[in-house]
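Novice: Given next are the chains, with one letter for each unit.
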Amino acid sequence: MPNPSAKKISVSLNINGEMRQVEIRPIDTLLYVLRHHLSLTGAKPGCLNGDCGACSVMVNDNVYKSCIMLAIESVGSAITTVEGLKDSPIQNAFVKHFAFQCGYCTPGFIMNCQALLLKHPHPTYEVVKEWLSSNICRCTCYQEIEEAIFSVVEGRVGGTSE
Amino acid sequence: MYIIGKGITRKDAFEKVTGQAKYTADFETNEMLHARLVISPYAHALIKNIDMSEAEKIPGVRAVITGQNLPLTGEELQDRPPIATDRVRYQGEVISIVVADNPYLAEQGAQAVNVQYEPLPVVNSPSEALKPDAPLLHPKLGEYKKIQGVYPEPGTNIATRTKIRKGNWEKGCAESEVIVEEHFAFRPSDHAAMETRCSFAQIHPNGMIEISSSSQAPFMIKRLIGQYFGISTGKIRVNTPLVGGAYGGKASTQLEILAYIATKEVNGRLVKILNTREEDMLTSPGHIGLEARVKLGSTKEGLLKVAELTYLWDGGAYSDKSIDLSRAGAVDCTGPYHIENIWCDSLCMYTNHPYAAPFRGFSHSEVHFAFERTMDVLAQKLNIDPLELRNKNAILPGHTTPTQVLLNSSTVGNLPKCISKLKELINWQEGQIKDLGNHRVRAKGISCIWKTSTIDPNATSAVILIFNPDGSINLISGVIEIGTATKTILAQMLAERLKMDVNDIHVQMEVDTLSTPEHWKTVASRGTYMAGRAVLAAAEDIIRQLKNIASFILRAREDDLEVGYGKVYVRDDPKTSILIKDIAYGYTFPNGNTIGSQIIGRGNFVIRGMTYLDKETGAGRPGPEWTVGAEGVEIELDLRTYTYKVLKAVAVIDIGKVFNEKTAIGQVKGAMSMGLSFAARETFWFDDHGSVLNPQLRTYRPIRFGEHPKYVVAFVETPEIDAPYGGRGVGEHGLIGMPAALANSLSTALSVNVNYLPLIPELLWKIKRGEK
Amino acid sequence: MLAGNIEYYQPSTVNEAVEQFFILKKENKLPMYYAGGTEILTLGRLNIIHPGAIIDIKAIKETLSHESYQEHFIFGASLPLTYIEEKNIFPLLTQTSMEIADHTARNKITIGGNVCGNIFYREAVLPFLLCDSTVVVAGKEGQKTHPIQDIFNKTFQFEEGQFLIQLLIEKKYLTLPFITIKKRQQWETGYPLITVACIKIENQLRFAFSGLCPFPFRSQKVETELNNTLLPKEERINHAIEQLPTPVLNDVEGSKEYRLFVLRNTLKEMIVEMEEKE
Ligand code: FES
Ligand code: FES
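Protein chains in written order, with UniProt numbering: chain A, 1 to 162; chain B, 1 to 772; chain C, 1 to 278.
So here's chain A without its partners, still in its complex pose:
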């Protein structure tokens, strides 16, 4: 029988460049804290099991599935959610190449692409495939997403932020 009176702790998280103080259960996932405590609903729940990538965010420039990461594990790191991107090339490329339909998988894909481009500004197709097969899109056929990311790699789509 679990103990219902969960003990809460107070932590500060560095999210999109702002320090945010939150009262959480230590077992709360980062996804839960982002959505339920901070109203940052860009990261989406799709499976809560690490399988779909809809919840992907960046922590210190690496991409993580926030449903299989505790918020407490991200204390002291810089968290970036889709809300922290403004007019970035990858966002513009997604618009230009119609790389989404329902848009539910989009924040996760964008964060994964963003992290990928930070690490590999000129990735091969194999690298893109390895990274992007972490996310599921049920609406598009992936070809549009492929075009979007390579249009950024080839410098065909710009933005004001990198």
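Don't take every hint at face value.
Incomplete in silico selection of chain A near chain B, CB under 10 Å [claimed, not checked]: (1) Gly46; (2) Asn60; (3) Val75; (4) Ala78.
The calculated DSS-like cross-link candidates involving lysine-lysine, where the alpha carbons are at most 25 Å apart (straight line), are [unchecked claim]: (5) Lys768/B / Lys256/C; (6) Lys26/C / Lys645/B; (7) Lys119/A / Lys87/C; (8) Lys277/C / Lys8/A; (9) Lys766/B / Lys277/C; (10) Lys645/B / Lys129/A; (11) Lys140/B / Lys171/B; (12) Lys6/B / Lys499/B.
Derived coverage of chain A by chain C (criterion: at least 3 residues anywhere in the stretch with Cβ under 8 Å from a Cβ of chain C; other residues may be distant) [as the list claims (entries may be wrong)]: (13) 64–70; (14) 90–99; (15) 121–134.
None of these hints come from the bench; they were simulated from the model. Note that the structure is predicted; figures quoted are calculated from it, not measured. Note that beta-carbon positions come from the ideal geometry of N, C-alpha and C, so glycine has one too.
Using the hints provided, position chains B and C with the ligands relative to the given structure of chain A.
Specialist: Coordinates of chains B and C with the ligands only, in the frame set by chain A:
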């Protein structure tokens, strides 16, 4: 054309790439309660006892709800208790709802509910369900309430039977010189939309019930909840924010009912239920399964003479939409061919499987898999090129459909044109199979498709247009933005009609049934057709009003005026004009006198001439038009290991008219991707007890990035006269031919008949070894 | 999301971690060591495991080491799989690892977490089984080292309160010829139908398997048969299959018979290729 056909940016684009787009689960308030479900681990069992005492003791748990005194539900036949009371009929069926202050307390509560079951023997397939000694899932089948056109057979597991009796079966058989017969089967599967279903509900002090839900059919929720619980529909308000993928799965009313029951138990407080992925796959309705027998007779030259078909649908534990699905499977029970004699029995069977919702293509990819595979078998027996056989029998204006609708050049697209375009795009000339050496072959498979949209004969759509002081227009329609960009296309249609900048049209993405006019359901690729007609009607309404005011100011007869480019102007003297923004809110003369006020346009539409099907023959007009297409797949297979890759997938669809090229191609390709994924790897795996062994995305695996082939999409444009600008439905058609085309390519590569799904290497290996 | 009231500790030394474990144990709190945590969070969510407290070992520096030490190379248990892949010190491990889960998940999954997991594939252990590696374990009696074959039998045979700190490989193994192949039910994503890793040392092939049985293993008997170059390959493979441990898996990924079919093909493919490699 002014803007129709252009690839303009989606209206929802920037919201969606910035994380600002709001889906149902994104709404949360501090006072909101959260619910979790207790679901059955058994596919068929008696509920002996439900002990809620431990759950109720948890501080913060506000209610533990069970199913006594609830009405039976179901869209056409009311056979489903929203919460099971004495018996569960599928794994995942709801036993109890626990409501608590936050999601994890609700989860703790759900874990603390203790249920005792007594397992019962299960019905694990539709053919098992048909056996005379099969366990009866619904002993009270004869007593359930139902709507017109539903024919349950009490004492059996048949929820309804649709019969097609066209022409003369004996004559067809007598004229047939060559006969083939094939059997097919696949299990239920899932839509696996990335957004799991979510609903929240509250009852306001004045009695108004407000429900928000990730749904394709908010107006249906309103009606059904009203009907089930005896509430007048005006007292129910349903909101639908953006929907994160639906594909038919969110056209059923299910979670909304639970949210309503939950809020009622906590004095109307706001309660949210968000499905886990496992519940979304098991508890909420999924993609129907099928067992089929297809017998075709033709002359030696390959002219089809007779089709005899039996479709046993795996409707699962409750009939909800599967009745309609089994009917739609009968309506287009053959491929798109001219066949004078058709005999089909389409049975909606009860099994102990998760029940079914519509799935993109509404029974058509399922039926086409069986039928189009058999066409290949026939072609082989006749020694005729499979594309040629299809071309020879292609349905044309002047022919009749299985339900005996006489087609004309508007009501059916141009199939021969699609076939010849496909031929080119898939390079049919080079041959269907090519030996690459080293045990590798390349093979092509094809399938033709057609589909009408079976919709309720009285389904309507309405649109309101409201002017802003700057002359821009707000477009309000009940179509749900499920990803298809339909609302962007509606804006394009309006911009086209008024010759105005599409950026000056603001579409309301969300639907609130209190203020949004009804659009029946956002299904069946009918959004652009029905809502499009309503938009055009509303545009006429606006034009009339604008001209009326302008005629006073411009001192011209109304019928000498034109509207466009932000102005009303005199036709033969365009310089005599007035800006729309100066009259959209009425016009004020220099002395202060004012005429008119804010202009509101309204338009509505109902499809003309739809009828119910005749019980004995199936004759009737179930849908407005038939979209046709021809599709193909090219694969490369290793003959030793049976592993293969899909290299290329092609679809040629007669779309009538392309509205927005980018979104149209995106829709078709997305549908093809889903079709290939369904065909090649998606299924629920059941154990002997009817339990689903893979209700998670790590074991139920949609296609991923990098596994995708090259997609090629082309359109033929044969306008449909009744449709706005001639456009036909296109949201589903890319999917329909994929399973058959893929199975045909594999059958060709391996010289065997591959008649089961999913098409995994193990299946191919088994078939080749003669084990299946 | 886990529903229970679960405590979280992040000790910074090995000793602290072990002490914490036994304190929590005494308080009946069902402690579990936690590294990447992906499995604890997913199985806990499904109510398959019920930790009362988790002890995060990622702050313990020994578990993060990735360096040579005398004749060995050390892999700390808390290293994420992608870290190991990027450094690519041990290509066989890199390639085996790259087939696990997906890239984003592997940013979180640690090498220790994978090899000690509940989910029975544990593919990252295969290279260590092949290379006579050494395992450093912490426990009540302090740190101990074991040859992997002494402590790994289907799973790591840890005593209560023990946890994996490091895996050590002798450097000579890092660059041996190898192949690792993962076959799936369909295409390129999902759990394995079978995964086979193979190295060649002193002209002998070594094989380790995952997904074939409900545990990863390396079997001398199987290897002996496969190395019996006096016989044609098919026959060697047949003999090897007779020596497989039981049971061979028969599940939704594939039937037993089909797995064996795939195994035959895969082994043949591998032997042909490996016998050519120098
Ligand atoms: S919600 Fe995190 S991976 Fe699916
Ligand atoms: S756009 Fe709908 S899931 Fe990707």
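Novice: Going straight from one Cα to the other, do lysine 277/C and lysine 8/A come out at no more than 25 Å?
Specialist: violated, 58 Å
Novice: Under a C-beta cut-off of less than 8 Å, do 3 or more residues of the segment 121–134 of chain A approach chain C closely enough to confirm the stated coverage?
Specialist: Holds: 4 residues of the segment 121–134 of chain A have a Cβ under 8 Å from chain C.
Novice: Within a Cα-Cα threshold of 25 Å, do lysine 26/C and lysine 645/B meet the stated pairing?
Specialist: violated, 56 Å
Novice: Can you confirm whether the C-alpha distance between lysine 768/B and lysine 256/C stays at or below 25 Å?
Specialist: holds, 17 Å
Novice: Three residues minimum, CB to CB under 8 Å: does the segment 64–70 of chain A make the cut for coverage by chain C? Let me know.
Specialist: holds (count 6)
Novice: Is it true that the CA of lysine 140/B sits at most 25 Å from the CA of lysine 171/B?
Specialist: violated, 40 Å
Novice: Would you check the hint for lysine 119/A and lysine 87/C, treating anything up to 25 Å between C-alpha atoms as holding?
Specialist: holds, 14 Å
Novice: Using the nearest Cβ pair, does asparagine 60/A come within less than 10 Å of chain B?
Specialist: Since chain B brings no Cβ nearer than about 20 Å to asparagine 60/A, farther than 10 Å, the hint is violated.
Novice: Going straight from one Cα to the other, do lysine 766/B and lysine 277/C come out at no more than 25 Å?
Specialist: violated, 34 Å
Novice: Less than 10 Å between beta-carbons is the criterion; does glycine 46/A satisfy it with respect to chain B?
Specialist: Holds - the Cβ of glycine 46/A comes within 10 Å of chain B, reaching about 5 Å at its closest.
Novice: Is the shortest C-beta separation between alanine 78/A and chain B less than 10 Å?
Specialist: violated, 17 Å
Novice: Is the hinted pair lysine 6/B and lysine 499/B satisfied, with a Cα-Cα distance of at most 25 Å?
Specialist: holds, 14 Å
When the structure is compared with the earlier hints, violations turn up for hints 2, 3, 4, 6, 8, 9, 11, 14 and for no others.
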